[in-house]
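Chemist: For the sequence shown, the numbering used here gives the first residue as 1, with consecutive numbering after it.
Calculated from the structure, these hints are not laboratory results. The reader is advised that the hints may include incorrect statements.
Derived DSBU-like pairs (lysine-lysine); straight-line CA-CA distance at most 30 angstroms [as the list claims (entries may be wrong)]: (1) 62 / 24; (2) 90 / 62; (3) 24 / 90.
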Amino acid sequence: MSRIELTDPDQITDERAETLAEIKGAFGVVPNMFRAVAQSPAALRSMWAQFGALGGGVLGAKAGEMIAVAVADRNRCDYCLSAHTMLGRKAGATAQEMAEAQSGRSDDPRTAAVLTLATALVEQRGQISAADVQAARDAGLSQEEIVETVAHVALNVFTNYINVALDVPVDFTRVALTR
Numbered sequence: 001m002s003r004i005e006l007t008d009p010d011q012i013t014d015e016r017a018e019t020l021a022e023i024k025g026a027f028g029v030v031p032n033m034f035r036a037v038a039q040s041p042a043a044l045r046s047m048w049a050q051f052g053a054l055g056g057g058v059l060g061a062k063a064g065e066m067i068a069v070a071v072a073d074r075n076r077c078d079y080c081l082s083a084h085t086m087l088g089r090k091a092g093a094t095a096q097e098m099a100e101a102q103s104g105r106s107d108d109p110r111t112a113a114v115l116t117l118a119t120a121l122v123e124q125r126g127q128i129s130a131a132d133v134q135a136a137r138d139a140g141l142s143q144e145e146i147v148e149t150v151a152h153v154a155l156n157v158f159t160n161y162i163n164v165a166l167d168v169p170v171d172f173t174r175v176a177l178t179r
């Protein structure tokens, strides 16, 4: 049971209605996470705008979803792990690629570098070293990709904390955490 009331998108008539309609258009329904976040119009606008901005970034949707499952597993967020595993499959990742990403690994060198940086950011709470950034550069990541990786991690920490702290019910096919 959620620790906060989940809004009913059909009952919203204020500024949140347009954002919730966009979310419903993207998913076919309004997932529980957005129903919880909709308690704050500012948080809802922020979260949805961040998803939109990063979805069109240089890393691409598939890599973004792979970052999301790696972060979710480390933060023990079964909601995000389940949602982003499904979204990763829709973005073209195989089930094996998503399982590997959950563990912070990939056979693709670029994706592996992104996941190594992302998991270091989470595990070290942002306190990564110059060597971590240099390793990402040495693996071929551009400055834009490095900054975008940090942005993806930050967004996913936000969504993880919403779902874990508020005990938002998972409304996706559940994927098991490995941590």
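Chemist: Now tell me, hint by hint, if it's right for this structure.
Modeler: Each hint, compared with the structure:
Simply put, residue 62 and residue 24 have alpha-carbon atoms about 21 angstroms apart, close enough for the 30 angstroms limit, and the pair holds. Pair hint residue 90 plus residue 62 holds up; C-alpha atoms about 8 angstroms apart against a cutoff of 30 angstroms. A threshold of 30 angstroms between alpha carbons decides the hint, and for residue 24 with residue 90 the separation of about 17 angstroms falls inside it, so the pair holds.
Consistency with the previously given hints is maintained throughout, with no hint failing.
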